[in-house]
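K.L.:
As a plain string of letters, each chain reads:
There are 2 protein chains.
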Amino acid sequence: MKVPVSPLAPAQFPAMPAMTGVSFAAHACGIRYKDRDDLLLMVLPAGTTAAGVFTRSKCPSAPVDWCRQALEDGKHRARAVLINAGNANAFTGSAGMASVERTVKKAAEVIGCDPSHVFVSSTGTIGEDLPDERITKNLETVFAKAMTEGEAGRDWKSAAAAIMTTDTFPKGATRTAEIDGVTVTLNGIAKGSGMIAPDMATMLSYVVTDAAIGADALTAVLRKATDRTFNCITVDSDTSTSDTLMLFATGSAGNKPVKDADDKRLKGFKTALEDLLRDLSHQVVRDGEGASKFVEIRVTGADGNKAARRVGLSIANSPLVKTAIAGEDANWGRIVAAIGKAGEKAERDKLAISVGGVTIAAKGRAVEGYDEAPVAAHMKGTDILIEVDLNIGKGKATVWTCDLTHGYIDINGSYRS
Amino acid sequence: MKVPVSPLAPAQFPAMPAMTGVSFAAHACGIRYKDRDDLLLMVLPAGTTAAGVFTRSKCPSAPVDWCRQALEDGKHRARAVLINAGNANAFTGSAGMASVERTVKKAAEVIGCDPSHVFVSSTGTIGEDLPDERITKNLETVFAKAMTEGEAGRDWKSAAAAIMTTDTFPKGATRTAEIDGVTVTLNGIAKGSGMIAPDMATMLSYVVTDAAIGADALTAVLRKATDRTFNCITVDSDTSTSDTLMLFATGSAGNKPVKDADDKRLKGFKTALEDLLRDLSHQVVRDGEGASKFVEIRVTGADGNKAARRVGLSIANSPLVKTAIAGEDANWGRIVAAIGKAGEKAERDKLAISVGGVTIAAKGRAVEGYDEAPVAAHMKGTDILIEVDLNIGKGKATVWTCDLTHGYIDINGSYRS
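Going down the list, the sequences are from chains A and U. Take the first sequence: its position 240, counting from 1, is numbered 241 in the numbering used here, and each next residue is one higher. Take the second sequence: its position 234, counting from 1, is numbered 235 in the numbering used here, and each next residue is one higher.
Calculated from the structure, these hints are not laboratory results. Wrong hints could be hidden among the right ones.
Identical copies go unnamed one by one, so any copy, or any two together, can satisfy a pair.
To be verified - Distance condition first, Cα-Cα at most 20 Å in a straight line; then the derived PhoX-like pairs of lysine-lysine: (1) K346 - K59; (2) K346 - K395; (3) K76 - K260; (4) K364 - K59.
Chain A on its own, in the form it takes in the complex (with noise of 0.2 Å):
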C-alpha cells in the first residue's frame, strides 16, 4: 500500500551543516526490502561522549538491551551507529543477542574501536530471526563509503531518508547554541512511528551535536529535555520495543569541555536541545498514521507537573477525543471524561476548557452563549489547540498527538502479506 505524504509534513527539510568528523553512508543490503537503502552507519569521531534514553518496555528489543550495556560498558563513548530497517530484532529470543553480537564484533573490527562504543537499532518485523550475515558481509563496503563519500557523506537529509520505514517523510532539525562564547550546532534526524503490517512502530532518533560535553552532563541533559518533548508525544498509546533516542557531543566545536549539568554554561546548549527535541517529536506526531490533525494539548492548574502531562496524555489518547477532532468537532464533553478517568486530581466545578483560545466550558459547565463560529473555524483547521485549566495547583504541561481517522484503520488493519 502506497502511503501520501503526510498532509502535516513540513514544507522542507532543514539546511543541515556538515560536522567534522562525521559522517554516513547508506547501503541495500537486502535484509527484508529490494532496491532499497536498509542500513545506515553512522561514524562518529574517536572522542564522541554518548547518552541514551530508550523504550520503558518490559520487553525491549536485543538491539535496545545491547545500546543500555554497551553505554556502561564503554564509558558512554561512542564511534558509530548502525541501523538496519526491514527487521527489528525483537522478541527473537537468544538469537537476538547473538545476532547484535556478531554485527558489532565486526564493525568494532571494521572501523577499529572497541565494541562498546558502536550502537545498533533495528526497526521493521517482529519475531523474525536478524540475518545478521546480510549486514556483517556489507561492513567494509559501508565504512569505506562513508569514509570516502565527501558531500554525500555528510549529507543529513539522505542519512534521515535511509532510516524511513513507513515515514512519509525524512525528519530533520538543525539549531546552534554559545558555550562560552563558542557556536555549537546539534544536527538531529528521527524516524517516526509509521506503522505498516507487519512493521512495528518504531521511534528512533539520533542527535549530534559538536560541543564538548562530559558524559554525565549529557546523560543529564538529554533526559530532562526528553521528558518535556518525545515523552509527551503519543500517536495512538502504543509504546514500541525499540524506541531509541541518543545523543552524541563530538567535542569538534573546540569549546572548554562542560562536565557538570548544573554548569551556567549549558543554559543555551539545554534550550537548543529541548527545542530540537520539540521540533522532531512534533514531525514524528505530524506523520502519524493517518494523521489530518496536529494536536496541542496545555493543562495548567493541576496538582503537580506529573499529574498535568497524565491528564494530558489521557486526553492525547483517548480514542473518543480523536475521532471528535478527525470530525472537527469541538467536542468537549469527551475531553471532560478523558480528565476523569486520568486517575489525578480534578475538581468537576473548577474545569475550564477552551479550543482555539476561546472559552468554551469554565467552572464546571458550558459556558453560556459562547461564540461558536471561531471553535468552528478553528476546528477546520491543520493545527489545533485545547487548552485545560484544571483550577487547582501549579502544575502544567503541554502534550501533543494527532488525530483518529480512517487512514489509520487503513494502514493498520490491512492484512500482513
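Given chain A, work out where chain U should sit, using these hints.
P.N.:
Leaving out everything else, chain U in the frame of chain A:
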C-alpha cells in the same frame, strides 16, 4: 445516522420471569428525543436492599454523586430507580445536583417513600442542563402506569429497550440459584457503551434478585463479581462520567435473610451473580461501536491477579492489536508490544502466546513452523481467543474487548448536529 444491529448480538433476548413487587413503566417525556420513550421508572417493593458500584471518573455526573450519597443516607434501601436518556446531567455545575434533587423529591412524594430510597441515572448529552420539569410533570402518570400495566409493567425486555440510547439491541440476562434450598432469581438489564455524537458513552446496569440479602453482604458480593466482569471489559479505554451498576434484593423469595458475605449459603448466589454480570458485560462489548469481533484475552503466569488484568487490558486497549484483529491478522508482535508497555513484570524470553488455541510464540520467540491454517481460520471467525502466559507467577485474569474498525470512526468521527 442509523446504525444496524451489531453482527455480534445474541440470537434473542432471554425469557425473564416476572418478580413479585417489581414493575416498570416507560414514558416519552421529550427530554431530547422525539416520539420515543426516554424515561424508565422501576418500582421496587418496600424492604428492598441496595448496593452500587460507580464510575471511577474524577468528574462524575450529578446522578452518580446522588446515588453514592443516597446509598449512605438511606442505609442501602431502595424503592425506585429513575433512568432518563437524552441528557446525562453531567458537567452541569451546581445546577446538576439541584435538578437531581427536584426530580427525586417529586418521585419520593408520588411513590410515598424517603428521597434517599430513589436512585437516578441519566445518559445522553453532557454539559446541558437537564430539563427536569419534563420528568417531574410526568411522574404521577408514569408511576400510575407502573402500578397498573400488568404484563407490560413486568416486561424486562421493554425495560431494557427503554434505557437504550445508541445500543443496537436490548441487553438482559437471568439466572437462578439456591439459598438454603429456596430457589432465588436474578434478573438484570444493561445499556452499553454505544456512543454517538453528541451522546456520552455510558454503561448502566440494574440487577434485581428476589433473594433476601443484607446490604453489607450485597455490597461485598457485587464488588467482587464486578471486579471479574464489568471491570474486565473495555471497548475503547474511555471511562464515562456516569457508569452505574446497581444490585437490588427484594427478599420476596422468602429465604432466611443472609447478612454476611462470607456465609456459605451465598456460594451459589455468588456464582450466579458473577455469571449474570459476565453475560451482561459481554453483551455490552458485543454492542461496542463498530465491533465486528468479540475478543477474549486470557492472561496467566503473571505476578499476581492485578498484574494479569493490567496486562490483559493493555492488550485489549491497544489500537494496534485491535486494528490487527479487525484485519483478521494474528499479529502477535503487537501483542508483545502491548504486554511490554503494561508496566507489569514480564520476561521477554519466557512469554508464550496462543491464538485460537494454537501456540504461535514461546520462550520469547516465534514457534518455528507452527500450523498457520487453523490460526488464520480462527481469525476469520467472530469470536477470537488470545492466550498469554507470562510464565513468571500464578496471577491470572480474563478480559474482553472488541476490534477497532472503520465503523468506530464513522460513529465517533461524525459532526454533532
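K.L.:
Hint by hint, say whether it matches the structure.
P.N.:
Verification of the supplied hints:
| no. | hint | in the structure |
| --- | --- | --- |
| 1 | K346 - K59 | between (28 Å within a copy, 7 Å between copies) |
| 2 | K346 - K395 | within (12 Å within a copy, 34 Å between copies) |
| 3 | K76 - K260 | within (14 Å within a copy, 66 Å between copies) |
| 4 | K364 - K59 | between (41 Å within a copy, 15 Å between copies) |
The structure agrees with every numbered hint stated previously.
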